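Peer 1: Chain residues, written in single-letter form:
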Amino acid sequence: MAILSKEEAQALLKKVIAFSKADECEVSLNGSEGGNIRYARNAVSTAGDISTMSLAVSSTYGKKTGSASINEFDDKSLEKVVRRAEELAQLAPENPESMPLMGPANFKDAITYVPATAAMTPESRAEAVGKSIKVAKDAKLEAAGFIENTTAFSSFMNSKGLFGYNKSTDVIFSITTRNQEGTGSGYAARGFNDVTKLDTLSATKVAAGKANGSAAAKAIEPGKYTVILEPVAATYMLENMFRFDARSADEGRSFLSKPGGGNRLGEQLMDEKVNIYSDPFHPDLPSSTFNRDGLPVERVNWIEKGVVKNLNYSRFWAEKKGMKPGPFASNIIMDGGTASIEDLIKSTERGILVSRLWYIRLVDPQSLLLTGLTRDGTFYIENGQIKYPVKNFRFNESPVIMLNNVEALGKQERSISVESYRSYLIPAMKIRDFTFTSLSDAV
Amino acid sequence: MKRKDFLQLSAMGAGAMMLPDFALFGKSIDPSQFLNDGMDVSIKKQLADVALNAARAKGATYADVRIGRYLNQFVATRENRVQNVANSESFGVGIRVLANGCWGFAASNRVTKEDVAKTAERAVAVAKANSKIGSDPVQLAAQKGFGDVTWKTPIERNAFEVPVKDKVDLLLSVNAAAMTAGANFVNSVILAVNEQKFFASTDGSYIDQDIHRLFPNFTVSRVDRASGKFESRKSLSSPVGMGYEYLTSTPGSKVPGIITRYKDRYDMLEDVKSAAAEVAQKLTAKSVEPGKYDLILDPSHLWLTIHESVAHPTELDRVLGYEANYAGTSFLTLEKLKTKNFKFGSNLVNVVADKLQPGSLGAIGYDDEGVPAKKWDLIKDGVLVNFQAIRDQAHILGLKESQGCCYAQSWNDVQFQRMPNVSLQPGKTKLSVDDMIKNVEKGIYIIGDGSFSIDQQRYNFQFGGQTFYEIKNGKIIGMLKDVSYQANTQEFWNSCTAIADQSDYRLGGAFNDGKGQPGQSNAVSHGSSTTRFDGVNVINTARKI
Chain D
1 MAILSKEEAQ
11 ALLKKVIAFS
21 KADECEVSLN
31 GSEGGNIRYA
41 RNAVSTAGDI
51 STMSLAVSST
61 YGKKTGSASI
71 NEFDDKSLEK
81 VVRRAEELAQ
91 LAPENPESMP
101 LMGPANFKDA
111 ITYVPATAAM
121 TPESRAEAVG
131 KSIKVAKDAK
141 LEAAGFIENT
151 TAFSSFMNSK
161 GLFGYNKSTD
171 VIFSITTRNQ
181 EGTGSGYAAR
191 GFNDVTKLDT
201 LSATKVAAGK
211 ANGSAAAKAI
221 EPGKYTVILE
231 PVAATYMLEN
241 MFRFDARSAD
251 EGRSFLSKPG
261 GGNRLGEQLM
271 DEKVNIYSDP
281 FHPDLPSSTF
291 NRDGLPVERV
301 NWIEKGVVKN
311 LNYSRFWAEK
321 KGMKPGPFAS
331 NIIMDGGTAS
341 IEDLIKSTER
351 GILVSRLWYI
361 RLVDPQSLLL
371 TGLTRDGTFY
381 IENGQIKYPV
391 KNFRFNESPV
401 IMLNNVEALG
411 KQERSISVES
421 YRSYLIPAMK
431 IRDFTFTSLS
441 DAV
Chain R
1 MKRKDFLQLS
11 AMGAGAMMLP
21 DFALFGKSID
31 PSQFLNDGMD
41 VSIKKQLADV
51 ALNAARAKGA
61 TYADVRIGRY
71 LNQFVATREN
81 RVQNVANSES
91 FGVGIRVLAN
101 GCWGFAASNR
111 VTKEDVAKTA
121 ERAVAVAKAN
131 SKIGSDPVQL
141 AAQKGFGDVT
151 WKTPIERNAF
161 EVPVKDKVDL
171 LLSVNAAAMT
181 AGANFVNSVI
191 LAVNEQKFFA
201 STDGSYIDQD
211 IHRLFPNFTV
221 SRVDRASGKF
231 ESRKSLSSPV
241 GMGYEYLTST
251 PGSKVPGIIT
261 RYKDRYDMLE
271 DVKSAAAEVA
281 QKLTAKSVEP
291 GKYDLILDPS
301 HLWLTIHESV
311 AHPTELDRVL
321 GYEANYAGTS
331 FLTLEKLKTK
341 NFKFGSNLVN
351 VVADKLQPGS
361 LGAIGYDDEG
371 VPAKKWDLIK
381 DGVLVNFQAI
391 RDQAHILGLK
401 ESQGCCYAQS
411 WNDVQFQRMP
421 NVSLQPGKTK
431 LSVDDMIKNV
441 EKGIYIIGDG
451 SFSIDQQRYN
461 FQFGGQTFYE
471 IKNGKIIGML
481 KDVSYQANTQ
491 EFWNSCTAIA
501 DQSDYRLGGA
511 FNDGKGQPGQ
521 SNAVSHGSST
531 TRFDGVNVIN
541 TARKI
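From first to last, the protein sequence lines stand for chains D and R. Residue numbering for the first sequence follows our numbering, starting at 1 and increasing by one per position. Residue numbering for the second sequence follows our numbering, starting at 1 and increasing by one per position.
Only chain R is shown next, with the shape it has when bound in the complex:
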């Protein structure tokens, strides 16, 4: 999993193995440098034209150029100390071309006119070498050029402008609160990402985008030395397409309940106190009795089930077999789509793909092949109605234009189909979580995401969680542990019997969703309201070694 700097950096904090490189400080820079604007847009445009012309001159029929500056900041602490303040910057150019009907890609960290032209020529050489193997020529959906345009994540406070000291102070206060509340260990982290992407193509687009993401999170652990048992609870924060304002709590952003949960603002200090209390309770909680339960799934948990069982199988590249050698294919097929009556879920299940949603990780102005952001239905009233496609796949769905799902994690990776935000729509009739629980005879209420695994066609999955509560005759009667549920995707979504209304709707998300070869990471959000699924198989995961 080449998830680049973040994984390497975070792995360092956790005690990595087998990383012979110097990832800890491998690409670090002075944070003050982050505030430079980097290369002027007019120079990027000139360089892009050099690349596009060089590619055309060598016989490319289409070319796009991405000049990217990718900034990451990683502040990591444990208990009363700072483990790591790492800043990384990566700057370079990636050029993709179509020549002889075949794709070629080349990238370099040297971004001068001469080097950019050479890189474009290498990309054409790669395409021509591959065209000799013989294959159907790429059919690229038309895309009009937009000329000079810009887009920026609508942030209120740039996380890179917040002094490192403020972040350290926040994390250490979070840790102190956890320890005071009885935790034995606490790790807390703030991750910030800024993608400064300039895209140009032979279609006549020159698109300059400034994209921001933030992920504050912690893990609290408590150890019972005598028994050798330990329990942990992760934060209920979500990675977001926002600035540092996410960490400024507002009254309306809290969802009260057995545990406080969070909408578009996060109170890290409050959550860690709750987490410390929960791990103490979890050590002595009842180990779950395996069997069938009705599950009430909080959005802080359900986002991951949506991600794995709805968002991945509706990726068109998986459906077609392009991911067969790695992530796998999909139980959803073009034939199932064409029938217009494939019952993915119950009538309550409506799922949308959305690249426009404010605050989400997937929100952009244009994708990495110059297509503007869009929103469309994937599942309508339980029926499969669409997939997720890019320009060279649009014709397969009979579409005249791409759905804008093309993304590369960095300048030195080739762009390919990645999922947009994929979200379950809230219930249309008024329903609170409390009212939903009142109707459950034997159930489990699950908050927070935990262990996850699903097969290569997305039929069979198993999910854990962070905190589990037993529901009996409409009431929460206590905490459970060792809970995982196993189900078949289609059976599971058809067992959906209630979805809370809009007032409960929240986003969760994946900061590092892996796919492709070489592996690339994508950030994506998944929204939902609390949802009920009936008669799901729950297993007990306790073992002794």
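Here chain D stands alone, though its shape is the one from the complex:
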């Protein structure tokens, strides 16, 4: 049994702490179970069912810390792992940035666990995949997709009495459909805590529509275009920007560094329409309520009306700079508007609709210049209408420059990053002067 209840985890952690002889001791206990199916060419290719649990102990003498872990849970093993951590702490070099452990705190319960998701079985996954494959076969397309559900708990306790426990469920689904000739491709991705919100049939229909609609794409000249980024495209682009770290900014090596020294806290860095924040209790994107330093996670506004409102200060850096420490963003939410994708298209004289972006990599950390490509449905818009599919482009663009060029924001939607699989709440967005630098023959 890989998923322990709060009481079971607390009892086990107390037992471990009782073995400690160090100045300070911190113990974490994590477990997960779940399964996945991967399919391609309209058939299952691989599938798995995985369960795991582990216990880690971190012991500190002064500023010397050692860590050890184990995945056996009898009393003898529990004592052994504590002794090991203590031995290693005695051998470790002093860390001048080491901070004392936090004392007791009350963390609110997270809303990240949904029993229906935890109850998924190999059969229910197969059923969800079967629906998706049927849609593709009916549309004479080839489906390649992936579904994965995970139930996990994380808990920790320290010798000062701080205890935290969180249980979560997650299900992710992504689907690519391609036509037989290899000239059209479409994609959809979904992520939820609650599997009852997942509809693999309708998601596959979206992908199928894109696949058929994107066939026989025309080549148009690269250059600067107004683009409409669907949420899954905008999410992947912006994911590369969500590191609001104060230390690297203060050190002069981040896009948040200020020429002459210091950081850009308080500066107008983006368009006024941009509001970005974290909130562990957002019903559509809940997250853990504490972080590993023992800090509670609360709502933090990172960008408010385009102004940098908060940066993340680690406990060490906060003390050094006289600022309040805070956890890293536990989730990222960007406010949107009320416009649908269709509304955004209607208001566009000449532009490109981008369904998905791919292989985004950082080119210049100074300006956050990113390069990557469009994929799975790129369309030319003229006079408020989609005219025809176009060949994919490579872009070179900075999300910071992009968020200065916001024409309009669409509806917010929960979507997953196509590379990290993290979930975000990000709106569709219309951006002017987005820079495409070359064409790609890829479909």
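FYI, nobody ran anything at the bench for these hints, they're computed from the structure. Hints are supplied without guarantee of correctness; some may be wrong.
[To be verified] Derived EDC-like pairs: lysine to aspartate or glutamate, alpha-carbon spacing no greater than 16 angstroms straight-line:
{"no.": "1", "chain 1": "R", "residue 1": "LYS132", "chain 2": "D", "residue 2": "GLU127"}
{"no.": "2", "chain 1": "R", "residue 1": "LYS128", "chain 2": "D", "residue 2": "GLU127"}
{"no.": "3", "chain 1": "D", "residue 1": "LYS411", "chain 2": "D", "residue 2": "GLU342"}
{"no.": "4", "chain 1": "D", "residue 1": "LYS205", "chain 2": "D", "residue 2": "ASP138"}
{"no.": "5", "chain 1": "R", "residue 1": "LYS128", "chain 2": "D", "residue 2": "GLU123"}
[What the hints assert, rightly or not] If you want the ones that stay clear, here's a sample from chain R, every Cβ over 10 angstroms from chain D, calculated:
{"no.": "6", "residue": "GLY145"}
{"no.": "7", "residue": "LEU399"}
{"no.": "8", "residue": "LYS428"}
{"no.": "9", "residue": "THR429"}
Computed from a prediction, not measured in an experiment: that's the story for all the values here. By construction, the Cβ of each residue, glycine as well, lies at the ideal position given by its N, Cα and C atoms.
Here the structure of chain D is known, so what remains is to put chain R in place on it, guided by the hints.
Peer 2: Frame of chain D, contents of chain R only:
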């Protein structure tokens, strides 16, 4: 990107976000424990037989069992302090079965007879649930069993036996040298991996392997506060399939030139001094004029271009569409292979797949489905001649046996097709780098790998680098910055006009190549000599925010 402990651990050092778990010390153990042999092979064999029998009893027609112990060590420092010494160990069993013609997989960290049997039964249940969706039955290429065999990376010094203090002392001396030479920031890291893998299958193999990898590296940065500009340079080390001996420099292992580069041994201290000097120069270097240039690409750079534009598109699972939902497909097709005249590159371009190459990341005795390591041609005299396949794909290429490209990153991940070492063969006629540069009128010499991006069928790519030198009329005239080149794979490889000879051949590599769903990491090397490409499109990447 679930690259497990290393990425989580290294992300911690860099200041991670949104990692609600306790990755920093999540799976750490006392380094002394690393030197234990772990579970005795005879016990692993008994447990494997329990699993194989349980799978057969439930109706599996084939089964394989991997009992794995995966050790990682991560020593991270910045400037004058140690940020993190993390050791992780992961032990467990993964069982893959064929039942009703369909694959099933299950894994558990509980490795007792009872749990192993239950895990095998879960794997069969997964296969049977999936077989109801209906698909063509898996065709598995035959593989003879080898009985009890062993293989070990030929290391001279086990990195896990080197005291942590020695590693810390080396990294702090590297950092001190960088700071003395004018750097503002330096991060340095030693990563060590040991995979202790026991594999057994219903074919009658019991294969015990001990695989080692090492990756020492650093990043040096220099900031100009007044302008708010900063520049960085990464180490020119390579991740290797070697022990700690990689860090013991030998005279023959250095490649002299405008910057010293390294073959099978690495001098971290020397490289960091060079890096600190280069970042100072880079801050005031000329920003590149966009346009067409002849590129001279050092092996420390070219490995990544080979990786993305040759190694990935020749993966058969991509060619067939199995990666369509994630990494993508390939512009190379079975039809192009069958024509036997698809001109991938110029006549000079010869590329081999090789699981045998000593010191490489991909060197093994047997792959993760019991197939012995091999070497074969992918591109011969510029023409596409083969792909990379595993047992359930071999029949598609008309092969009687697998090419041995099956790999799982850990016991709890299912094995699938991963690339072997894929390397560009050196030029057959004598040619030095200096002689190659002498013939270039307008060019850029690129050393070290930088930013990289390529489309989902591997046509259009863009690469940066670490250090760039402008070549004019056969001479290096100064440093450049803000350089990236964009090209189409086939046009690029057909523009290859010169390859330096064997004496310049070196390996580079990827320590964490990502692929698959759930994502898995693979380590792979790519060798080449310095190579020339003509008339490549170079863009300027400087922007202001």
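Peer 1: Decide, hint by hint, whether the structure agrees.
Peer 2: Hint by hint, here is what the structure shows:
Under the criterion of a C-alpha separation no larger than 16 angstroms, the hint pairing LYS132 (chain R) with GLU127 (chain D) is consistent with the structure, at around 9 angstroms. As the CA atoms of LYS128 (chain R) and GLU127 (chain D) are separated by approximately 13 angstroms, the hinted pair is consistent with the 16 angstroms bound. Using a Cα cut-off of 16 angstroms, the hinted pair LYS411 (chain D) and GLU342 (chain D) holds, with the two alpha carbons roughly 11 angstroms apart. Taking the CA atoms of LYS205 (chain D) and ASP138 (chain D), the gap is near 10 angstroms; set against the 16 angstroms cutoff, the hint holds.
Distance check on the hinted pair: LYS128 (chain R) and GLU123 (chain D) sit about 9 angstroms apart at the alpha-carbon level, within 16 angstroms; holds. Separation of GLY145 (chain R) from chain D is adequate, the least Cβ-Cβ distance of about 23 angstroms exceeding the 10 angstroms criterion. Against chain D, the non-interface label of LEU399 (chain R) holds: every CB pair exceeds 10 angstroms, the least being about 19 angstroms. Separation of LYS428 (chain R) from chain D is adequate, the least Cβ-Cβ distance of about 32 angstroms exceeding the 10 angstroms criterion.
Consistency note on THR429 (chain R): stated as away from chain D, and its beta-carbon is indeed over 10 angstroms from all of that chain's, at 34 angstroms minimum.
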